[in-house]
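Chemist: Quick note on the working numbering: the sequence shown kicks off at 759 and runs consecutively.
By construction, these hints were calculated from the structure, which means they are not laboratory data. Please note: incorrect hints may appear among the correct ones.
Simulated restraints on C-beta separations [as the list claims (entries may be wrong)]:
id, residue 1, residue 2, range
1, Met776, Ile810, 50 to 58 Å
2, Lys816, Ile783, 45 to 53 Å
3, Ile764, Ile801, 51 to 59 Å
4, Lys767, Phe799, 45 to 53 Å
Beta carbons: idealized from backbone N, C-alpha and C, even for Gly.
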Amino acid sequence: MLIILIIIKIIIFITQIMVFLILIILIIIKIIIFITQIIIFLILILLILIKIIIFIIKIIISIILITILNLYGTSFYNNNCFKKLLTIK
């Protein structure tokens, strides 16, 4: 009877260790998922900032082109290249 109790206690102890190890592995996986979510969020913010900077550069280029067209007359405006550059997408 005593040997059976000792074997049962050993089995319970081993299962507790296994459950503890599984919990540690799950916590590590959750930390890794959280870090990757933060990295993805930062990449999205960076992409939004790059789009805003490109939009501002397009506005500045179009203002410069409009001033050039106003200085040198509207004969250049008939060229398709200037029409494509002036349109902001």
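Chemist: Between the beta carbons of methionine 776 and isoleucine 810, is the distance compatible with 50 to 58 Å?
Modeler: Cβ of methionine 776 to Cβ of isoleucine 810: about 51 Å, so the range 50 to 58 Å holds.
Chemist: Using the C-beta atoms of lysine 767 and phenylalanine 799, is the stated range 45 to 53 Å upheld?
Modeler: With Cβ atoms ~48 Å apart, the hint holds.
Chemist: For the pair isoleucine 764 and isoleucine 801, does the Cβ-Cβ distance stay inside 51 to 59 Å?
Modeler: 56 Å, holds
Chemist: Between lysine 816 and isoleucine 783, is the Cβ distance one that fits in 45 to 53 Å?
Modeler: At roughly 50 Å between Cβ atoms, isoleucine 783 and lysine 816 fall inside 45 to 53 Å, so the hint holds.
Of the numbered hints given earlier, the model fails none.
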